[in-house]
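J.: What follows is each chain in one-letter form.
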Amino acid sequence: MLKGLGLAAGGGLAAGLIQNQAVAAEPAARHHVTDAPVGSGNLDQRQPYLGVHQAGIVTPRPSCGMIAAFDALAHRPDDLEKLLRRLTERIALLTQGGRMPQLDPKLPPPDSGIVGPEVKPDNLTITVSLGSSFFDDRPWLAPLKPRKLMRMTKFPNDALDRSICHGDITLQLCANTQDTTIHALRDIVKNLSDQMVLRWKQEGNVPAIQPSADGTVQSARNFLGFRDGSANPDSEDDTLMKRIVWVDESSGEPHWATGGTYQVVRIIRNFVERWDRTPLGEQERIIGRVKASGAPLGNGETEFDLPEYSQDPEGKMTPLDAHIRLANPRTPGSEENLILRRPFNYSNGVTKSGQLDQGLLFICYQADLEKGFITVQQRLDGEPLEEYLKPVGGGYFYTLPGIVDENDYLGRQLVQAVAENSSMRSSNQE
Amino acid sequence: MHMKHLFAASALAVLLAGPVHAEGEPSLDLVQPIADYKIYVSERLQTLVADTTAFTDAIKAGDIDKAKALFAPTRINYEAVEPIAELFSDLDASIDSRADDYEQGEKDPAFPGFHRLEYGLWEQNSTEGLAPIADKLLADVKELDKRISDLTLPPEKVVGGAAALMEEVAATKISGEEDRYSHTDLWDFKGNFDGSRKIFDLVRPLIEEKEGEFVTKVSGNFDTVETTLEKYKSGDGYETYDKLSEDDRKVLAAAVNTLAEDLSTLRGKLGLD
Numbered sequence: 001m002l003k004g005l006g007l008a009a010g011g012g013l014a015a016g017l018i019q020n021q022a023v024a025a026e027p028a029a030r031h032h033v034t035d036a037p038v039g040s041g042n043l044d045q046r047q048p049y050l051g052v053h054q055a056g057i058v059t060p061r062p063s064c065g066m067i068a069a070f071d072a073l074a075h076r077p078d079d080l081e082k083l084l085r086r087l088t089e090r091i092a093l094l095t096q097g098g099r100m101p102q103l104d105p106k107l108p109p110p111d112s113g114i115v116g117p118e119v120k121p122d123n124l125t126i127t128v129s130l131g132s133s134f135f136d137d138r139p140w141l142a143p144l145k146p147r148k149l150m151r152m153t154k155f156p157n158d159a160l161d162r163s164i165c166h167g168d169i170t171l172q173l174c175a176n177t178q179d180t181t182i183h184a185l186r187d188i189v190k191n192l193s194d195q196m197v198l199r200w201k202q203e204g205n206v207p208a209i210q211p212s213a214d215g216t217v218q219s220a221r222n223f224l225g226f227r228d229g230s231a232n233p234d235s236e237d238d239t240l241m242k243r244i245v246w247v248d249e250s251s252g253e254p255h256w257a258t259g260g261t262y263q264v265v266r267i268i269r270n271f272v273e274r275w276d277r278t279p280l281g282e283q284e285r286i287i288g289r290v291k292a293s294g295a296p297l298g299n300g301e302t303e304f305d306l307p308e309y310s311q312d313p314e315g316k317m318t319p320l321d322a323h324i325r326l327a328n329p330r331t332p333g334s335e336e337n338l339i340l341r342r343p344f345n346y347s348n349g350v351t352k353s354g355q356l357d358q359g360l361l362f363i364c365y366q367a368d369l370e371k372g373f374i375t376v377q378q379r380l381d382g383e384p385l386e387e388y389l390k391p392v393g394g395g396y397f398y399t400l401p402g403i404v405d406e407n408d409y410l411g412r413q414l415v416q417a418v419a420e421n422s423s424m425r426s427s428n429q430e
Numbered sequence: 001m002h003m004k005h006l007f008a009a010s011a012l013a014v015l016l017a018g019p020v021h022a023e024g025e026p027s028l029d030l031v032q033p034i035a036d037y038k039i040y041v042s043e044r045l046q047t048l049v050a051d052t053t054a055f056t057d058a059i060k061a062g063d064i065d066k067a068k069a070l071f072a073p074t075r076i077n078y079e080a081v082e083p084i085a086e087l088f089s090d091l092d093a094s095i096d097s098r099a100d101d102y103e104q105g106e107k108d109p110a111f112p113g114f115h116r117l118e119y120g121l122w123e124q125n126s127t128e129g130l131a132p133i134a135d136k137l138l139a140d141v142k143e144l145d146k147r148i149s150d151l152t153l154p155p156e157k158v159v160g161g162a163a164a165l166m167e168e169v170a171a172t173k174i175s176g177e178e179d180r181y182s183h184t185d186l187w188d189f190k191g192n193f194d195g196s197r198k199i200f201d202l203v204r205p206l207i208e209e210k211e212g213e214f215v216t217k218v219s220g221n222f223d224t225v226e227t228t229l230e231k232y233k234s235g236d237g238y239e240t241y242d243k244l245s246e247d248d249r250k251v252l253a254a255a256v257n258t259l260a261e262d263l264s265t266l267r268g269k270l271g272l273d
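For the record, the sequence lines run as chains V and L.
Counted the way our numbering counts, the first sequence spans residues 1 to 430.
Counted the way our numbering counts, the second sequence spans residues 1 to 273.
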C-alpha cells in the first residue's frame with residue numbers, strides 16, 4: 001500500500017516535470033487524450049431553489065435527469081421535520097453552489113470531491129416528492145394524505161418489477177451534466193443516511209438541440225426516433241400551469257398541499273430492435289406523426305402544427321388508435337386531462353436475451369392524478385404502440401410545495417399541519 | 001513555492017475543521033484497548049476452533065440435522081473477528097468466500113469453506129462429498145488461530161475494523177445474500193455488530209469526554225440494532241432472514257449506513273492514519 005502511494009506520488013511528480021518541459025519547448029497548447037473535454041461553459045447556470053413551487057417542474061429540462069427513490073424512517077413528527085430541514089440545507093448548497101468544507105486529512109472528506117472543491121450550480125434542481133406509503137405507514141400522517149395519492153397499480157400492458165417501483169420519497173435531480181446529478185445524490189445519501197435508505201434509481205438524458213435560425217427550438221427525440229414533447233402545454237404560461245399542474249385552494253386537497261403537484265414516474269422499456277425492424281409508414285401511423293419532421297400526419301409541416309382530428313373522423317390520416325390521438329384526442333373536455341411531461345431517455349445495459357435495455361424515464365406533473373395521467377393512460381391501454389413498450393417501474397408521488405424563503409424549509413406546511421392536527425386531538429380529549 | 005502552498009492549505013484545513021476534529025498523534029492510551037481486543041479475538045477464535053471441530057465432525061458423521069444446527073452458531077465467532085481474519089486474505093477466501101466469487105458458482109470445484117458446506121447441507125440436503133471440504137475448513141480455521149496468536153495487531157486495523165464490519169453489512173449482507181441457502185443471516189449480523197461494538201466500547205473512554213455527542217449517537221445506533229435484532233430471537237439464536245419485516249430491514253439498513261458513516265471517523269478521532 002505504501003509502495004503504491006509512493007509510486008503514484010512519484011508518477012505525479014514526473015508527469016508534472018514532463019508537462020513543464022513541454023510547455024517550455026512548445027508554447028502552442030498540446031492536446032492529450034486524457035485532457036478533460038472542453039465544457040459547454042454552463043456550470044454557472046443557476047436555478048432558484050426558493051419559490052411558491054419547487055424548482056424542476058416548469059423549469060426547462062437540462063440534459064441530465066435522474067429519479068432516486070428512497071425508503072424513509074421518520075417514525076415521529078420531529079424526525080420528519082429533521083429530515084426535511086436537512087434535505088433543504090443540502091438542496092440549498094448543492095443547487096446554489098459553493099465551497100465544500102475541508103477537514104483534517106485523517107478524517108474522511110465531507111464531500112465526495114467528484115466535482116472538485118468548489119461545487120458549481122450547473123443548472124441543478126432537486127425536486128422532492130412523497131409516495132403513498134409515506135402517509136399510509138404513519139398514523140399521524142395518514143389523515144393528511146393528498147386525496148388522489150395512491151400506490152401505482154398495474155395497467156394491462158405493465159410488467160412492474162417491484163425492485164424499481166414505489167418508495168416513500170423521490171428526488172428528481174436534473175442538471176447540465178451527469179457528474180452534477182451523481183454528486184448531489186451521493187451528497188444526500190451520505191448526509192441523510194440515518195433517515196433515508198436508497199431503494200432504486202433511474203438516470204436518463206435528453207439530447208441537446210440548437211435553436212433554429214428563427215429561434216424556435218424543436219423537441220428532442222426519444223429512443224423510438226420520434227420527437228417527444230411537441231404538444232406539451234406551455235410551461236411559461238402561468239395561467240395554464242395553474243390549471244394543469246399546481247394544486248391550489250380550490251383543488252379539494254388538504255390545505256398544506258397548496259402549491260404542490262402530483263408526480264408520475266414510469267420506467268418504460270422500448271423494444272428498440274423490434275421497432276427498428278418496423279416499416280416507417282407503420283411507425284408513423286402508430287405514433288401519429290411524421291418521423292423526420294414531427295408534423296402531424298396529413299396536415300402541417302412542423303411538429304408545432306396542430307392535428308385536425310375533426311376533419312378526420314374516420315382516422316384516414318391519423319388512425320383513431322394512433323398514440324398522440326389517444327393521448328390527447330383534442331375533443332371538448334379533453335383539455336381537463338392535460339399533463340406536463342418532463343421525460344428523459346434511458347439506456348441501461350443488455351437484457352438476458354441480448355437486447356438493449358433502453359426506453360423512456362417518463363415523468364409528468366399534474367394537479368389531479370386521476371384526471372391527468374391515469375385517464376390518459378387508460379385511453380392508451382391497448383394502443384398498437386404497446387407491442388413495442390413495456391412499463392416496468394415507477395410510481396405515483398406528491399411533490400411538496402416550494403420553499404418560500406431562506407428561513408423556510410421544504411415541507412414545512414405538512415409539518416405544521418401535523419402539529420395542528422395533534423394539538424386539535426389533544427384539545428378534543430381535554 | 002509549491003510546498004508552501006500545500007502547507008497553507010493544510011493549515012487552513014485545520015482551522016476550518018473546528019472543535020470536533022481536533023485530531024492529534026496516536027495516543028499511547030490505545031495500548032490497553034488493543035491488548036484487550038487481542039484477548040477478545042483470541043477467545044472468540046478458541047471458540048471458533050472448538051465449534052468448527054464439532055460442526056465438521058457432524059458433517060463427517062453424516063449427521064445432517066446436527067450439522068445444520070451447528071452451522072450458524074459456529075460462524076458467528078468468525079463474523080465477530082472478521083476484520084482481523086481478513087488480514088489474511090488467503091484464509092478469508094478459503095473460509096468464507098461465496099459462490100459469486102467463482103466463475104461457475106456453486107458447481108465450481110474451487111468453491112470452498114462455510115458456504116460450500118452450507119450449500120451442500122441446505123440445497124442438496126446431503127453430506128455426501130463434503131468431508132474433504134470440512135477437513136480443509138477445520139485446518140484453515142486452526143491455521144487462522146495460529147497466525148493471529150503470533151500477530152501484533154495494528155492499531156489502525158483494529159480501530160478501522162469497527163467501520164469495516166459495518167461496510168460489509170451495508171454492501172453485501174443487509175440484502176440477505178450472505179447465507180442464501182440457510183437464511184441464517186441474522187446470526188451473522190449479530191456477530192458483525194458485536195465485533196464492531198466491542199471495538200467501539202474499548203476505545204470509547206478515550207473519546208467520551210471530547211466527543212460526547214458522537215459517542216451518544218453511535219451507541220444509540222448500536223442500541224437500535226440490538227433492539228431490532230432482539231425481536232427475532234428464537235431459542236439460542238435467531239429466526240431466518242425471510243422473517244425480517246420490511247420495516248425492520250429499513251431500520252437496520254439506516255442504522256448500518258449511519259454507523260458506517262460515523263465509525264469511518266473513529267480512526268481520525270483517535271489520531272490514527
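No lab work stands behind these hints: they were computed from the structure.
You may find that some hints are simply not true.
Calculated lysine-lysine pairs in the PhoX-like style (CA-CA distance at most 25 Å, straight line) [as the list claims (entries may be wrong)]:
#, chain 1, residue 1, chain 2, residue 2
1, V, Lys242, V, Lys154
2, V, Lys190, V, Lys201
3, L, Lys217, L, Lys198
4, L, Lys142, L, Lys66
5, V, Lys190, L, Lys142
6, V, Lys145, L, Lys66
7, V, Lys352, V, Lys371
8, L, Lys107, L, Lys68
9, L, Lys231, L, Lys250
10, L, Lys142, L, Lys157
11, L, Lys217, L, Lys146
12, V, Lys120, V, Lys190
13, V, Lys154, V, Lys371
14, L, Lys217, V, Lys190
15, L, Lys136, L, Lys146
16, V, Lys82, V, Lys154
17, V, Lys201, L, Lys250
18, V, Lys106, L, Lys157
19, L, Lys231, L, Lys157
20, L, Lys217, V, Lys82
21, L, Lys210, V, Lys106
22, L, Lys107, V, Lys352
23, L, Lys233, L, Lys157
24, V, Lys154, V, Lys390
25, L, Lys198, L, Lys233
26, L, Lys68, L, Lys250
27, V, Lys190, V, Lys82
28, V, Lys82, L, Lys250
29, L, Lys210, L, Lys198
30, L, Lys38, L, Lys157
31, L, Lys198, L, Lys60
32, V, Lys106, L, Lys217
33, L, Lys198, L, Lys142
34, L, Lys157, V, Lys190
35, L, Lys146, L, Lys157
36, V, Lys190, L, Lys136
37, L, Lys68, V, Lys106
38, L, Lys38, L, Lys146
Note that the structure is a prediction, hence the values are computed from the model and not measured.
J.: Which hints from the list above does the structure break, by number from lowest to highest?
T.: Result: hints 1, 5, 6, 7, 11, 16, 19, 23, 26, 31, 36, 37 break, sorted rising.
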